[in-house]
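With chain A's structure known, arrange chain B on it following the hints.
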Amino acid sequence: MFRWLRRSYQVVFLGFFLFFVLLTTAGLIRGYDVQWLLEFDPLVAVTTALASHSLHHALLWSLVIIVPTLILGRFFCSWICPMGVLHHALGFLARRRRPPDRVKQNAPRPSHKIKYLVLAVMLGLAAAGSVQIGLLDPIASTWRGLATSVMPALGNLAFGMYQGERHFQWGTLITLVFFGALALNLIYPRFYCRVLCPLGALLGLLSKFSLFRISKNPEICKGCKFCGSECQGAADPQGTVRATECMVCLNCIESCPRGGLSYRFLPPVKFSTTKIDLVRRKWLGAGVAGAVAVPFMRASDGVEPRPNPARIRPPGSLEERAFLEKCLKCAACMKVCPTGGLQPALHEAGIEGFWSPILIPRIGYCESNCVLCGQVCPTGAIEKLTIEKKVGEMPVRPPVRIGSAFFDKGRCLPWGYQTECIVCEEVCPTSPKAIYFKMETITARDGSQKTLKMPFVDLDYCTGCGICETRCPVVDRAGVRVSAANESRSPRSSISLTGGKI
Amino acid sequence: MSSNGPPGPYDKVPAAQVPKGTQTTSTPSADTAGMDRRGVLRVGATAAMALGSVALGLGLRERGSRKQAADLPTIKDHRADKPAGATDMAIARGPDPAANVRKAIEALGGMGRFVRRGERVVIKPNIGWNRTPEQAANTNPDVVAEVVRLVVAAGAGKVWLTDASVNTPEQCFGRSGIEKAAKAAGATVVRPDASAFREVNVSGKLLRTGDVLFPFVEADRVINVPIVKQHGLSLASMSLKNWYGVLGGQRVKLHQNIHLSIIDLAAMVKPTLTILDATRILLANGPTGGSLADVKQMDTIAAGNDEVALDAFGATLLGLNPNDVGFIVEGMKAGLGTLQWQSLKTVELGG
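Line by line, the protein sequences are chains A and B. For the first sequence, my numbering begins at 1 and goes up steadily by one. For the second sequence, my numbering begins at 1 and goes up steadily by one.
One chain only, chain B, in its complex shape:
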């Protein structure tokens, strides 16, 4: 206790020094016997603090940061019912890519077989690379634009067009000519910004969950529009391999087992329709290409709903035996289609 200066909070102040008017009338025994109003308030505040911290702690407790695969949305099966006697696969040849698309779809029974009025449709070309159409690393923009026009004409309520590019998306969407052509034809182009992905349940053999471009989660119909290319690791990149492009994140890890991961993704996205672009095909240095010397003009479009059959046909264009291509064989084993494309009801037009 300090002997001089003003009294501190713990100093005992002699009653004689307490200024007049501040003396309390309560006796020492009253402090212990019952609580005055301030005491009640203090107890209440302490209780509120205690309850509040318990509630806050319980509210913030970790519940496991990883979402369970089962809690995530899945991509539904987009395949359309096949009308009796309908054609399975159509191959159209001719100098005009757009006309080839029209002829092939017509032979399958028209776009109305796949897209109904008001449905929301996502179109998935290959827009992986910062390359021009002539370099044949991306789907031909005229083919993509014609597909968009047919889908719009079939009365689709919404037409998304998207891909998760490998090179810088702005440059891929620009230099490929696809963004401009698709917008002019009436599509909503979705660039693969970080905000465009949703986590989904893949439940594949290798992949449990994955971040997928949102139109694939929301759409009623999915149309795959790949290009035929040579690929160093998987030998070829066509319909089934094109589903790599729905994924964001660390997809380069998939190459450690490329054939099975292709099948996991293809089993996740079962498209309504696939239109295989072989207007120009890339024979070497794929999937990037770059030199016109690697490109072969084929003027061919193949369409159908059996991706395995279409890829088997595409493999022959690259000079490959479909039985040597791992993901085609695995795709057949997984029940995604048949390697014997000649066994299907096929129509060949033109050429």
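In isolation and in its complexed conformation, chain A is listed as follows:
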């Protein structure tokens, strides 16, 4: 009975998850809170709060998981977590046939403590100001895997009918990590959940206080160990149940032929243990290792991150340091971007910003009347904007700028080849247009005179949206290109004297 109840919850939550990832698409999303599963993630709340010393209001939803975990234990892993469901379903890959072999597969191992060290490293990183949790957090990595790998692969097969053709630079790395984690089930069932998952570790710590626990009636138990053959969390139900490892799948209760196990309110203390068996030195060591990694990363990236022309952040992004203190790299913004221009950074945003979102205008531009990336960002790394605020009203209210356009006069058709073009002026969305032209009379190769429209950029109006670069007819490297210079999120990025402080 429990098993079917749990399975239906798992199917429903995985369905919800897939549905909301699919819904994260221009034209479908409307006002829906598609990123709610990310907002429920306690680890997202804890790490971003540690790093930025503030808690984005949406992340208060994580209390909906934290409080029940304090009461019920790590139920999240077996009832809600979409990655947990996938791992649960793939557990058959290495599942042994004979119950005694399965008891061995599901036995507690010292390696199961690694996830607590992973958590400590992540918390150390966050405390020192770098949020890297998105690399391993199950919700964020499942989001990213689906959004930038699975769905583009399937969607492009269907002629891009769902969201147009989509591709993400070096998305193969994301594919390898995502499917690699799933493939760990070939070693033994739920390897990732038991050994690596930092969210599972955090919920395990909270489960130390849980009021409801599995407990065994020693008078009924004859030691058949059927319970251990089905245990998802390797929580040792045949011995003393480990409350920190128990994922509350309730398989043990189901599989006991004599009804000797139960899930009870405040069972006698001796029937379960909350010991993780990690000495304080190891906890501290892992935490310090995480924290110490941060100055080393900044020795590579710069204490104030060095401006990079390709680091064009989504509109509404916080100033770079604050952005990195909140960005999860979940790829929700990349999924929703209607042009597909938001891409996972490789080297462009430094080592700390790996897989964080950047705009690559040659792939897609920033739609001027669109604020969807800020709408779906679960942590507030990209602020929610209104279209009015983003577009601005010059000269009263400047627009939100993400960069600015520059002509490459060797590649631009009018400048370099004396050929009529100015597509960039046509598509420029600002009013007055940031790209304007002047009539210039030039002498052609044969000595004849001809009048051409020569394009220029007006920095006061350019928002860096990049549509000029996207639509430039010069293939591969465009004749007009956008760099992050003059982005409005940081006064340090300003290039015009009127734009801010020196």
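Watch out, some of these pointers could steer you wrong.
[Stated by the list, open to error] Using C-beta positions, here's what the derived DEER-type ranges look like:
1. A:V12 <-> B:M49: 54 to 60 Å
2. B:G112 <-> A:D33: 49 to 55 Å
3. A:S54 <-> B:A293: 49 to 55 Å
4. A:T443 <-> B:E62: 43 to 49 Å
5. A:L55 <-> B:S291: 35 to 41 Å
6. A:L28 <-> B:R116: 34 to 40 Å
[What the hints assert, rightly or not] With a cut-off of at most 25 Å between alpha-carbon atoms, the simulated PhoX-like pairs for lysine-lysine come out as follows:
7. B:K158 <-> B:K253
8. B:K296 <-> B:K103
9. A:K208 <-> A:K384
10. B:K270 <-> B:K82
11. B:K253 <-> A:K438
12. A:K438 <-> A:K453
13. A:K222 <-> A:K113
14. B:K333 <-> B:K158
15. A:K450 <-> B:K253
16. B:K205 <-> A:K450
17. B:K253 <-> A:K453
18. A:K453 <-> A:K409
19. B:K333 <-> A:K450
20. A:K113 <-> A:K208
21. A:K409 <-> B:K103
22. A:K282 <-> A:K208
23. A:K270 <-> A:K225
24. A:K453 <-> B:K76
25. B:K270 <-> B:K345
26. A:K208 <-> A:K270
27. B:K180 <-> B:K76
If you are wondering where the hints come from, they were derived from the structure by calculation, not from laboratory data. None of the values given here were measured: they were computed from a predicted structure. Ideal Cβ positions, reconstructed from N, Cα and C, are used throughout, including at glycine.
Then chain B, alone, in the frame of chain A:
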């Protein structure tokens, strides 16, 4: 030859060592004189492999990957016969855009002149930009909806509505208000997904082939519903320029000779009817606009079947002399219509 261990495939096994029962009765001369059954099978298999690889090679040989323009479908001439004495062009003015459309079409002889019962019709508004109706970068949704209603009322078997947007199509079709209005009026909205295009023979001066939205290949009738806008490169965007929106692919290359490429496309798609929307016109920063300061309320609809004449009229609304607009002059030269719109049988209503 190995001296110990089991014999290998090429080892000569002394007859004495061959296990009993496996000795063959054939003599060495029988091997060369005729084939046993296994030999026949081997020869047959080799022959089949040889023939198969020849057939496979011939089947897969390259035949030239580019299709010849002549092998591709063309878009037929959709112009309707003009009844004797019929009006060429109607200009309607008034505060209600839908009423203007009705009045103008009525003056031309009603939609029945252009669309017969059961015909398949494609309507082509300008849905190029992620803009609201007030910003006048796309055709007015009330105008489009009224055209759809009239076509449906004329008994059309199928009414497609489509355009290849410049901005993200979902957002253009949504924010312009056109998708919702057209669906409510009974049109089948075709978004410009990659699968919605067919390669056709353009056989123009510049363009040989092009990828075109499929309704233009399949429809019996084509209705052009452009908006009047200023345009940096071509000076204006109206009826003739609206045919850029049937094309997918690398259409930004066309700007290198914009006037002639407009004419190539206009010569490819000869519409049954054109309804020029000047409810609001965009005077500056076109064709994208964005600021309401660039928009002028004109409350005018012009309809007819001469796109050059309609564009000449539209140019005057933008304060241009039609003789200065390259594609209007080229359109007249190409025989697509007349620049002297006043010389046509024109009816002006309202205002």
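Hints, one by one, checked against the model:
1. A:V12 <-> B:M49: 54 to 60 Å: holds (56 Å)
2. B:G112 <-> A:D33: 49 to 55 Å: Given range 49 to 55 Å: holds, Cβ gap about 51 Å.
3. A:S54 <-> B:A293: 49 to 55 Å: Violated - the Cβ-Cβ distance for S54 of chain A and A293 of chain B, about 40 Å, lies outside 49 to 55 Å.
4. A:T443 <-> B:E62: 43 to 49 Å: holds (46 Å)
5. A:L55 <-> B:S291: 35 to 41 Å: holds (39 Å)
6. A:L28 <-> B:R116: 34 to 40 Å: holds (38 Å)
7. B:K158 <-> B:K253: violated (33 Å)
8. B:K296 <-> B:K103: holds (22 Å)
9. A:K208 <-> A:K384: Distance of about 37 Å is beyond 25 Å: violated.
10. B:K270 <-> B:K82: Answer holds: K270 of chain B to K82 of chain B is near 14 Å, not above 25 Å.
11. B:K253 <-> A:K438: holds (20 Å)
12. A:K438 <-> A:K453: Within the cut-off at roughly 6 Å; holds.
13. A:K222 <-> A:K113: violated (29 Å)
14. B:K333 <-> B:K158: violated (35 Å)
15. A:K450 <-> B:K253: Within the cut-off at roughly 20 Å; holds.
16. B:K205 <-> A:K450: holds (22 Å)
17. B:K253 <-> A:K453: holds (16 Å)
18. A:K453 <-> A:K409: Holds, because 14 Å separates the two Cα atoms, which is no more than 25 Å.
19. B:K333 <-> A:K450: Given pair K333 of chain B, K450 of chain A holds - Cα atoms ~23 Å apart, limit 25 Å.
20. A:K113 <-> A:K208: holds (15 Å)
21. A:K409 <-> B:K103: violated (52 Å)
22. A:K282 <-> A:K208: holds (19 Å)
23. A:K270 <-> A:K225: Holds - the C-alpha atoms of K225 of chain A and K270 of chain A are around 19 Å apart, at most 25 Å.
24. A:K453 <-> B:K76: Violated. K453 of chain A to K76 of chain B sits at ~36 Å, over the 25 Å cutoff.
25. B:K270 <-> B:K345: holds (20 Å)
26. A:K208 <-> A:K270: Answer holds: K208 of chain A to K270 of chain A is near 14 Å, not above 25 Å.
27. B:K180 <-> B:K76: Distance ~30 Å between K180 of chain B and K76 of chain B Cα, so the pair is violated.
Hint violations for this structure: numbers 3, 7, 9, 13, 14, 21, 24 and 27, all remaining hints satisfied.
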